[in-house]
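**Student:** Produce the complete structure using the sequences and hints provided.
Single-letter residue listing:
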Amino acid sequence: MDLTWSDEQEMLADAAAAFVRRECPPERVRAIEASDGGHDQPLWDAMAELGWCGLALPVEHGGSGRGVLEVTVLAEQLGRGAVPSPLLDSTALAALPIAWAGSDAQRARLLPALAAGRSIGTLAVLEPGMTDAWGDVSVPGGTRISGQKLLVPWAHVADVLLVASSSGLYLLEAARTAWDSVSHDAFAGEPLFAVTLLDACTEPLGSPERPAGPETTHRVLDTAAVVRLAYAVGAAEACLDLAVRHASQRVQFGRPIGTFQAVAHRCVDMRVEIDACRYLAFQAAWSLEREDRAAPLEVTAALTYARGALRRVFLDAHQVHGASGFSTESDLHLFTRRLTEFEITFASSRRHPDLLATAMGLS
Amino acid sequence: MDLTWSDEQEMLADAAAAFVRRECPPERVRAIEASDGGHDQPLWDAMAELGWCGLALPVEHGGSGRGVLEVTVLAEQLGRGAVPSPLLDSTALAALPIAWAGSDAQRARLLPALAAGRSIGTLAVLEPGMTDAWGDVSVPGGTRISGQKLLVPWAHVADVLLVASSSGLYLLEAARTAWDSVSHDAFAGEPLFAVTLLDACTEPLGSPERPAGPETTHRVLDTAAVVRLAYAVGAAEACLDLAVRHASQRVQFGRPIGTFQAVAHRCVDMRVEIDACRYLAFQAAWSLEREDRAAPLEVTAALTYARGALRRVFLDAHQVHGASGFSTESDLHLFTRRLTEFEITFASSRRHPDLLATAMGLS
Amino acid sequence: MDFAVDPADARFRDDLRALLDGTLPDWWRGMFVDDPRAIPFTREFCRALAAREWLTLAWPAEHGGAGASAWTQAVLREEMWAAEEPRGPQYMNLNYIGPLLMRYGTPTQRARFLPPMARGEVIWCQGFSEPDAGSDLASLRTRARLVEDHFLVDGTKIWTSYADAPADWCLLLARSELAADRHDGISVFLVDMTTPGISVRPIDTMAGPHEFNEVTFESVAVPRDCLLGEAGRGWELVAAGLTFERVGIARYARAARVLEHLVTHANESGQSRDPRVRARLAELRASCEAARLLAYRAVSLQARGVVPTVEASIARIHATRLEQEVGHAGLELLGPLGLLRSGDPVAPLAGEVQRHFVRNIPTTVAAGTLEIQKNIVARRGLGLPRET
Amino acid sequence: MDFAVDPADARFRDDLRALLDGTLPDWWRGMFVDDPRAIPFTREFCRALAAREWLTLAWPAEHGGAGASAWTQAVLREEMWAAEEPRGPQYMNLNYIGPLLMRYGTPTQRARFLPPMARGEVIWCQGFSEPDAGSDLASLRTRARLVEDHFLVDGTKIWTSYADAPADWCLLLARSELAADRHDGISVFLVDMTTPGISVRPIDTMAGPHEFNEVTFESVAVPRDCLLGEAGRGWELVAAGLTFERVGIARYARAARVLEHLVTHANESGQSRDPRVRARLAELRASCEAARLLAYRAVSLQARGVVPTVEASIARIHATRLEQEVGHAGLELLGPLGLLRSGDPVAPLAGEVQRHFVRNIPTTVAAGTLEIQKNIVARRGLGLPRET
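Respectively, the protein sequence lines represent chains A, B, C and D.
Okay, so the first sequence: first residue is 0 according to numbering that gives the first Met the number 0, each after it adds one.
Okay, so the second sequence: first residue is 0 according to numbering that gives the first Met the number 0, each after it adds one.
Okay, so the third sequence: first residue is 0 according to numbering that gives the first Met the number 0, each after it adds one.
Okay, so the fourth sequence: first residue is 0 according to numbering that gives the first Met the number 0, each after it adds one.
Accuracy of the hints is not assured; some may be wrong.
Stated by the list, open to error - Quick list of the computed label-pair ranges, beta carbon to beta carbon:
1) C:Ala179 - A:Ala17: 44 to 54 angstroms
2) C:Ala179 - A:Asp35: 56 to 66 angstroms
3) B:Arg254 - A:Ala16: 37 to 47 angstroms
4) D:Gly342 - B:Gly64: 38 to 48 angstroms
5) A:Asp35 - C:Thr263: 30 to 40 angstroms
6) B:Ser165 - D:Gly342: 50 to 60 angstroms
7) A:Glu22 - D:His182: 44 to 54 angstroms
8) A:Trp99 - C:Thr263: 38 to 48 angstroms
In short, the hints are calculated from the structure, not lab data.
Keep in mind that this is a model prediction, so the values were computed, not measured.
Even for Gly, the Cβ is constructed at its ideal location relative to N, Cα and C.
**Tutor:** Pasting the structure below:
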C-alpha cells in the first residue's frame, strides 16, 4: 500500500502539467472553445507526439502499454487546465474497448492509428429519454444500424465510432460509412453531438459470433467515468487554486477576504472534498487496471462520493469569488462547466449507489 | 393571512414563558429528571390550575375550547424550558382522541378529569420491531388485550391508556385494570416505558359497533407530532439562546468567539432553520385544527423539513459550545435530548416524504 | 395567526395567471437569454399591467398607485417571479427605486420621475458595486465633485444589470465628500444615461450575454437637482433600498414552479415510482413551503407597518439555498440530457431546469452576498458582537 | 501508487481479530460506560497485547518496541478503534505520550517511564485544556514556579479523560515563565498523580459518567527532573504531540464497523429493499472509503518519513463528519426504538448505534475543534493569509 506516485507517474504528471501550462493556458482554452468545431489540431498533434494517445494501448499496436491508472494521472493534469481535447474520450471510449474486445483484425487495423493519434475514436450510447448512461439502449444492432444517439462527444472529428446497441457494441469507421452529427446546445465542457445513423454500415466489435455485449459497454463506461473523474478532480483543483488566489488578493473591509474564517473554511472544505475524490479515483483506476474483483465496488464508491462532493466544490468556489466568478471574464466558468458535465453525465446515475449497496451486502 | 400571533395567543405565550421561567428553570428540570418517576405533582397541579390541561378540550367537558394551534403555542414555550411534563402527551395522545372519537359516555366519563388535570392519559403504539410509529401494529384488539408495547410516555403515571391494536384504538383505565410498566433505558427527554398487557380489560374507543380505527390513530399521531414539533422548536430556540450567550461571553484568542464569522454564521444557520420549522409547525396546527384538506400535506411537510433541520440546529449548538456543551453541567443536553427524541420518534418516519410526494402529484 | 388566503387575493392570482397565460409568448425565457425580443416584450408587458393598474399595485394612491395590501403585492411578486419576471428591468422601479423616490425625493423629482415609471415607460439601472467595492460597498471610489450647478462624476461601476437594455436612467452611488466614517459622504444621484461621458461595456456571464455591464463615468455632468436625498447621507438610502429589494423577489415561487415541472417529468418518465425520487422531491416541496412561510412572516410584519430587515434576510438566506437545491435535484432527475439548453430541440423540459441551475450558481451572491446577509442576522437579529 | 494490502499486514489483521474475538467480553462497550469492569479489562487487555509484543508495535526497537511499519501500525489502530479501543486510556501512552518521551525525554526519563508503558502497566492522562483555554490553548493559566529543586504547580485543567481511572501520571502543560510571545514560556511536566495537592472531580457527560474530569493543582510539587524537554519550549512538544495524535485514531474504522451492523439490521428488518435505505448506506460506505484513503495518504507520507500535519488534519475533518453521519443514518434506520441504550433489553443492535450517535455529538470538538483543524489546513495547506 502506498498512495504516493511512483517516479514514473510523477514524471508523467510533471510533464503533463508543464505541457498544459505552456501549450494550453486559459486563453488557448477560450480560443479553442470559440473556434469552429472546438478541436485544435496542433494541440492534438503535440499530445500525440508525446505518446499520450497510446499511453494505455498495447505495445504491439504502437502503444506504451501503461494502464488505466496512468491515464487518470494524465487526466488530472488535463483537467487542471480544462484542456479541450478528444484525447481522454478517444482512449477510454474507443481505443481501450477495441483493445479489450476487438477481434485481432480490428485491433491490428484500428489501434495503431488511434495510438499514434492519426485517428480519433468515440462512443455513442445515450438515446432520447434515457436518464442514465448505463441504462438500456434500444437502437437495434446489426450490420446496418439506424437510430438517434445523443451527447456523443467529438462525433464531428471522430474516425471511429462505437455504437452501443441492444445487441452489443458495433463499430463504424468514417472511412467506410458516414454519420450525421448536429452540435448540441449544451452547458458543457466539450463538444457534444446528436448523431443520426441511417442505415449505417457497421460490424460487431469482436467476432460476429461473440460480439462485445453490455458487460463490455459497462466496463467502458466505468473506465471512462473514472478517467473523467480524474479530469474533474483536476478541474476542481483549479477551482480551489482560483478561489485561494482570489481570497488572498481581494480586499474588502480593509483586509484580504481569505482572512475571514467563513471564506477560509470554505476553501478548506473544498480541499477535503477534492482530496477524497482524488484518492477514490486513483483507487478505482488501479483496480480497473488489474480487473480486480473489487473494481466495480470502487468505481461505484468513487462516483457515489463524487456526485455531491464536486458540486459543493464549484459552488464554494463561486461563493468565494462573488459576482466575478459568474462572469466569463473569470476563468472559473471553464472549470465549473466541466465539473457540471461530469456530474450530470457520469456521477448522477442512480445505478451506482444501488450497485454499491449490493456490493456491501444489502440484500 | 397573518403569521403574527393574535392578542390571545400572545397572552398565552407570555403567560407560559413567564411560568416556565419562574416555576421550571433548568435546575428544576434537572431535579425532576433525577427524581423517582420523573413526574412533579406540584408542577402538574400548577399547570392544571392555569387550565392548560383542558386548553383544547370542549367547553362542555370542562375545557377552554381552544384549538390545536393554541396547544402548539403553549408547547413551544414548554419546549423552551425543556419542561418535563405529561401535559402535551396527555392532551394530544389521549384527551383529544377521546374528544374526537369517544362515545358520549366515554367523553362524559373521562374528559372532565383530563381537562381538570385530575387524570393523565397516554397512548401505546410501538411494538418490538416497528421502525415507524405510523406503521402496522400487530397486537390484536378486543375486550381483553395482551401484548407488549414500547416507548409509551408517562405510562407509570397514566390513569387512561389508549392502545393502538390491529382492530383500532382501545381504552384502558387504571381504575379498572392494571398494566405493567418497565422504565426504558433511553436517550430521551421524557420517561418512556415498556408496557406489558396481560389479558387487560379494555373497551373500544367510540361505540363497540364503530370503534376508532387506524385513521383516528393517524390523526392522533399527526397531531401529537405537530405539538411535539412545536415543543422541539422551543427546545431548539433554547439551544440557539445558549449558543449565542456562549459565543458572546467565551473569549478565545483575545475576543469573544461570536466575532469569528464561522461561529456567528453557524448561529445564523440555526436561526433560519428554527424559524422555518416554527412556521411549518404553526401552519400544520392551524390546518389540523380546521380539519382542512391541506392538513396531511402540511403535517408531512413540517415533519419532512424538521428531520434534518433540527438535527443541524443541535449539532451547531454543540459545535459553538465546544467540549462544555457535552458536559451535563451545561444546560444544552436538556435540549439536545429532547430534540433527538423528537427527531427519532416523530420526524424520521419514511412515511412522511412518501405521503408528501403523493400529495404533490407524484404518481 | 391565520393561514387562510384572502378570497380577493386568490381571485387576483387567477386574474394574473390568466393575463400571463394570454400574454407570455412561447419563446419567453426571462431576461439575459440573448433574445432581442426580450426587452421590447417586457416594455409591452409593463404597459399591459399599467393599463390594468397592476404595475404600481404596491404604490400608495398619492403617487398614482393602487395602494394594494402587502398580501396582494406578495401575490403579484410570486406570479411575476414564477413566470421569470416578465416585467424585466422595471421590477426595480416598482420595488425600490420608486419607493426610494417617494421617501427621499423632492416634490419636483417625484413629479418628474414617478409618472413614467407608473406608465411602464422607463428603464432604470443601479450603479452600486465597483470593481473594488462589492460586499464592502462603503469602500466605493466613484467621486462626485460639485462644480457650480452640477456634480461632475468620475468612476466605474460593475455588475450593472440592464445598463445595455439600454437603461434610460441610473440610480448612482458616489462619494461626494470625504468623511471620517466611511459610511458618511456618500450620495445618491439620478443620472440620465444619455449624458455624455457614460460608456457601457457588457460583461458576458455563464448564463449568457447582457446580464452584467461595466459602466464608466468620465466627467459626467449631473445637474444638482438630480441629487436624491441629502448630500452625504446616501448610506441611509442604500440600507432602505436593500430592505425594499430583499422582500421584493419571491425566489421560492420560481423554485416551486420548476418543482411542479419536475413532478410532471418524473411522472412522465416513470421515475415517480422510485422512492428516492419521491423523497427528494418531497423534501424540496417541504423546503418551498418553509421558504414561502418565511417570506410571509416578513410580509405579515410589513402589513403591520414594521420594516422586516432581519426577517427578510432570513427568508433570503433560506430561499437562495432552496433555489440551488431545486436546480441540482432537477439535473439529477433529468440525467445526462439535463445538460441541454433551451436552444436544443431535444432538451428535456425545454432546458428550463438547466437554465434554473445555471442562473442560480451565483444566486447567493446577488443583492448582498450570503455572507453579508448572515452578518445582518448575526448582529441585528441575534445581537452577536461585531468584529473589531 | 499501489493499493494492494501487504499479505503480512493482512495476516496480522486476522491474528488481531482472532485475539479480539477471543478476548473481548460480551459486556465490552468501550470506555465511559459506567461499568466498573471496563478499566481493569483494558489493563488486562494491554498486558495480553504486550505478551504478544503488539502493545508497543509502533515503537522503535531501541525503546523496546517492534518497530513495525507505518502500515502495520495502521492495521492495529483500525482494529482497536473498530473494537471501541480495548486498550482504554493506554492508547495515549502508545500513540503520543511515549513517542514524546522518546523524542524529548532524558535517558533517565526514558528508562523510568517507557518500560511500564511497554508492559501495559501504567495509565497516563493529559492536562492541556483549561476552563478559559480550550481551542486557544496558548492562553493557559496554570503556573509552575521553580522553587529550589522542584516546580510548584497551581491551576485547573478540564476535560481531562481518565484522570479518575485513576491515572498514575499526567502529562501536564503549564506556564513556567512569562514571555513576550504567548507561545513561549510554556513547559511540559510529568506529574505523579499521587502527589499531594491534586484533586480530581469527575464531570458527567451526555454519554455517561467518568468521561471527563476537572483536575485541580494546588501547590503541587513536581521534581525538577520531571520537566520534559526544555523549559519554556513546551509549545513545540504540544504541536508534535497533536500531530502524533491526529493520525493515531482510525475513526473511520469504527464508522465502518457500525455501518456493517446497520447492513445486517437492514437485511434482517427487510429495509434493505428500500432504495432510499440502499442509497443512504451506500453513500456512507463511499464516505468510509474516502476516509480510509485520506488516512492512508497520511500513512504513506509517514512511511516515507514525512510528518503529515496538513494531511492528518484533512483526514480528521473528513472522518469526524463521517462518524456523525453514520450515527444519524443509523438512528433513522432503527426508527423510534433507536432511542434505546445498551442497558435496555429490547434495544436494537444492543444500543450500539445510539452509543455511537451520542459519543459523536462532540466528535468535532475533541483534540482541537473542527475550526482549529480548518485553520491549520487554511494556513499551512492552502497558504491563506492569517487573521491580523
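**Student:** Compare the structure with each hint and give your call.
**Tutor:** Checked hints:
Separation of C:Ala179 from A:Ala17 is about 53 angstroms and conforms to the stated range, judged on CB atoms against 44 to 54 angstroms. Range check, C:Ala179 to A:Asp35: Cβ separation about 58 angstroms, and the 56 to 66 angstroms hint holds. The hinted window of 37 to 47 angstroms between B:Arg254 and A:Ala16 holds, with their beta carbons roughly 42 angstroms apart. For the pair D:Gly342 and B:Gly64, the beta carbons lie near 44 angstroms from each other, so the given range of 38 to 48 angstroms is met.
At roughly 38 angstroms, the beta-carbon separation of A:Asp35 and C:Thr263 lies within the given 30 to 40 angstroms, and the hint holds. With their beta carbons about 30 angstroms apart, B:Ser165 and D:Gly342 fall outside the hinted range of 50 to 60 angstroms. Under the hint 44 to 54 angstroms, the C-beta atoms of A:Glu22 and D:His182, about 47 angstroms apart, fit the expected range. Look at A:Trp99 against C:Thr263: about 41 angstroms separates their beta carbons, and that is inside 38 to 48 angstroms.
Of the hints listed earlier, the one the structure fails to meet is number 6.
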